[in-house]
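Chains as they are written, first to last, in our numbering: chain A, 387 to 648; chain B, 387 to 648; chain C, 387 to 648; chain D, 387 to 648.
Keep in mind that the hints were calculated from the coordinates and are not lab data.
Warning: the hint list may mix true and false statements.
[Stated by the list, open to error] Once the Cα atoms are required to be at most 25 angstroms apart in a straight line, the calculated DSS-like pairs of lysine-lysine come out as:
hint	chain 1	residue 1	chain 2	residue 2
1	A	Lys-640	D	Lys-464
2	D	Lys-640	C	Lys-640
3	C	Lys-396	C	Lys-464
4	D	Lys-457	D	Lys-396
5	B	Lys-640	A	Lys-640
6	D	Lys-464	D	Lys-396
7	B	Lys-640	D	Lys-640
8	A	Lys-396	A	Lys-457
9	A	Lys-640	C	Lys-464
10	B	Lys-640	C	Lys-640
The model shown is predicted, which means the values in this text are computed figures rather than measured ones.
There are 4 protein chains.
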Amino acid sequence: MQSIRTVCSKISQHSLFTNIIIGLILINSILVGLETYSSIVERYSSLLHIVDRLLLWIFTIEILIRLIGSKSIGSFFKDPWSVFDFIIVLSGHILVGSHYITVLRILRVLRVLRAISVIPSLRRIVNALILTIPSMGTILLLLGIFFYIYGVIGTMMFQSIAPEYFGTLHDSLLTLFQVVTLESWASGVMRPILAEDGSAWWYFVSFVLIGTFVIFNLLIGVIVTDVEKANNEDSPSPTDVKLNELQAELQEIKQVLQNNKK
Amino acid sequence: MQSIRTVCSKISQHSLFTNIIIGLILINSILVGLETYSSIVERYSSLLHIVDRLLLWIFTIEILIRLIGSKSIGSFFKDPWSVFDFIIVLSGHILVGSHYITVLRILRVLRVLRAISVIPSLRRIVNALILTIPSMGTILLLLGIFFYIYGVIGTMMFQSIAPEYFGTLHDSLLTLFQVVTLESWASGVMRPILAEDGSAWWYFVSFVLIGTFVIFNLLIGVIVTDVEKANNEDSPSPTDVKLNELQAELQEIKQVLQNNKK
Amino acid sequence: MQSIRTVCSKISQHSLFTNIIIGLILINSILVGLETYSSIVERYSSLLHIVDRLLLWIFTIEILIRLIGSKSIGSFFKDPWSVFDFIIVLSGHILVGSHYITVLRILRVLRVLRAISVIPSLRRIVNALILTIPSMGTILLLLGIFFYIYGVIGTMMFQSIAPEYFGTLHDSLLTLFQVVTLESWASGVMRPILAEDGSAWWYFVSFVLIGTFVIFNLLIGVIVTDVEKANNEDSPSPTDVKLNELQAELQEIKQVLQNNKK
Amino acid sequence: MQSIRTVCSKISQHSLFTNIIIGLILINSILVGLETYSSIVERYSSLLHIVDRLLLWIFTIEILIRLIGSKSIGSFFKDPWSVFDFIIVLSGHILVGSHYITVLRILRVLRVLRAISVIPSLRRIVNALILTIPSMGTILLLLGIFFYIYGVIGTMMFQSIAPEYFGTLHDSLLTLFQVVTLESWASGVMRPILAEDGSAWWYFVSFVLIGTFVIFNLLIGVIVTDVEKANNEDSPSPTDVKLNELQAELQEIKQVLQNNKK
């Protein structure tokens, strides 16, 4: 039993194993792309189905090998990327006979995301991007409060004037998201409302000013901080190299002094 | 009398007290959200009214406890956030019987902003954002002059061609704000005017070039400076750690020298 | 004669003198703003005219005082801001009787710009902004070549399909400027052309990709460099403070060593 | 034979030679600009043709001189810019008699790009910009996967609702590129689809959020890193100058100690 574990562990760490999986994910990607063309689906329907079933089973075997090859089941499920792989493959089996065809197809598309969990450099970047989210926590909360207040006020004031934009609180929040991306905020949203309610401009101008300013601060602040951190960690700066030299020289002087003493 | 002050001070600094207030602000937030749905307002009109009155009184008691618990009335009103809380609650009482229903409803929505004054991390971020405003003072004045000159010239030149965009100075300034956000500046504003006045392009192109350049400088300059400041203050850099080590070694050498001397 | 020069020099450096001029520029600003409202112009036509003439003469006297008060006529005209002030005022006199009413009115508006030459902090910021332009020289030339090539190719290919956007080289360059600001580049410009010429997407997508990337590099690169320079110059960093301490200690050690020797 | 090589080498490195080529490229640029005006083409057709042929031959001679003047043919073709010049000129000769008039004209326009290969400062900037591309490799791959998944899902879900935007996978990718530039993403693309499929908003909002966040990280991260690198390499910082001083002083102390010993 132990030997099987060792074999699986060796296989799962072999670069050929990883490369084959990357290749299969690529084939899976091309497949889901081809499936969007109805003419191809009609002609090769059964072939596509067979390849798809085949890929699912190969991925299942891959997960099993990695699961058996890991130190313990616990350590396998500790890595969020393994859990992600496991869920993607498992749900493929569970939903196979169901009638939720759209869900099944989306699942097949999401298998492309497995490229991230398999290619280390991609996994590192995504991990880094996800790690920036907690440091944005408070400012995202602030943005949330800001959106909510403007959403409620907007619904109250423009509900009857522009029902397609501010009909319900949910519509208003979507509209405010559109406004904060500056897309048609004036020509599409503000000007028609301004024609009915001449004082509506303060609502939009203040929202755009505050919103873009806070988001800019959020994005640039977080990113610049991250970049600087990464720079500091990555490689020793010329200053640090110099300092190490100085330290070595100080050591020498100390040594000389010790010798003098004797 | 003194004992009441001590009790109030203890209560107002207790974390449970803060958490309850945060919870009540959350309930208030949900309430103002629900009030935007007319079907809910119709069915639960009286219930919503009662809860709203209740919240106002609880907030009043909260402010009173904090007011009594503070060292002096002066110190309470020194903190702008306390003043903000006080005004929000007080105006709720003053306007209660009035006919300005919209104002009253907006006041209820603004109570959600109290989340900022109650949650310390939010208060810190907002304070930081507000503190960046003075350092932008001169550049904002420059932007103001720039907008005003283009506004007056735009009104002079396009008043009759495009009255909906440049009818009055006020309209022109709003249009220029739209142009500087790059929203429909060409398709919506410039091209129709260009059809009448073939030389109008220089007005818009120069405005977009100068405006976006100055604003970019403003935003990025201020933010990058802030981030760097924050980084320098936050944690000692590896360089500084190294320097401290060097200093320690120098001390050692000095000590050795002193001993040699003796 | 020398005494007049001294008096003028003293006057022109007095803060009250500057403040009065700032006040008069403010009045001039309000005036040109009011002149955009035709109802006001009709009623107070003669009054506006008189105040305007008065302001022009006061500004003339101001320039004369500063001219006389300067060390020499050469040193006065060395400062570009003085030249700017001089031209603005002089052209007001030259064009006074002419029929170019629009030019005259724009001149009056441009007098508002004198606020920059009078308020020192504004002058410093504008100088700083202008100083960044040379460092962008090469990249602006690159952008120019890039725009020109795309402009010529665009005119060649889409002249007959979309004459309003790519009719002449001049139109194309304006359209490309619109595209690079991302304003209606797809909905307004690309999609109608795409309906006629299915391969036009590569033209727009490549232009947007290259254009925004180069401009981003240009803007952020220049600005971040500037900010860093400014930071380095401004105040000694904590690292530098530390290094000074270390140097002082080294001096001490040297002194001790010298004393030991004796 | 050797002497010819020396002469050619001298000529090709002479600044006059470079300036003449820059001048000719400028003339070529003006020419291709003039050719977009059909009235000019009609009147000066033969003249334009002659000048164009002449320029092509001069450029051919220039390339030949540089080719002969280089150390070896291998070293000439090692520089990508020389290869670029060579291809541009060669293809002008190959395609001269062909019927691909549009291709020929685009070739003539691309000759303007030779300005980059001839002017050193431009070549340096373009090289620097190209060098940033590899460091964006992984994040561009990530963006590719992200676009592909959203493209496939979008085609699957909105193929029948909005065939002009999501008809084929290719259309979807183009639409997603438009959405990520925030151009008419809401007014043009999302809202019409939302009217048919009320749950489509999560697709667009999530795409905009993830897409702009990743691209922002990509652009700013890469650029800020580059700027910092450039700053570090450029000139020694005041810190480094100080460190060199400290090192010199340490050397002195060591010397003193050595002398003491003797």
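Inset, instruction - Compare the distance between the alpha carbons of Lys-640(A) and Lys-464(D) with 25 angstroms, and conclude whether the hinted pair is satisfied. - result: Judged against 25 angstroms, a Cα distance of about 53 angstroms means the pair is violated.
Inset, instruction - Starting from Lys-640(B), check that the Cα of Lys-640(A) is at most 25 angstroms away, please. - result: At roughly 10 angstroms apart (the allowed maximum being 25 angstroms), Lys-640(A) and Lys-640(B) satisfy the hint.
Legend entry - Pairwise hint evaluation, Lys-464(C) against Lys-396(C), where the allowed Cα distance is 25 angstroms at most: Judged against 25 angstroms, a Cα distance of about 20 angstroms means the pair holds.
Legend entry - Proposed proximity, Lys-640(C) with Lys-640(D) (alpha carbon, max 25 angstroms): holds, 10 angstroms
Inset, instruction - Sort out whether Lys-396(D) lies within 25 angstroms of Lys-464(D), counting only the CA atoms. - result: Status holds; Cα separation ~20 angstroms.
Legend entry - Pairwise hint evaluation, Lys-396(D) against Lys-457(D), where the allowed Cα distance is 25 angstroms at most: Cα-Cα ~12 angstroms, so holds.
Legend entry - Restraint status (C-alpha distance of Lys-640(B) to Lys-640(C) at most 25 angstroms): OK: Lys-640(B) and Lys-640(C) at ~10 angstroms, within 25 angstroms.
Legend entry - Hinted pair Lys-396(A) and Lys-457(A), Cα distance within 25 angstroms: holds, 12 angstroms
Legend entry - Restraint status (C-alpha distance of Lys-640(B) to Lys-640(D) at most 25 angstroms): OK: Lys-640(B) and Lys-640(D) at ~14 angstroms, within 25 angstroms.
Inset, instruction - Decide if the proposed pair is consistent with the structure: Lys-640(A) and Lys-464(C), CA atoms, cutoff 25 angstroms inclusive. - result: violated, 60 angstroms
Hint check: violations occur at hints 1 and 9; the rest are consistent with the structure.
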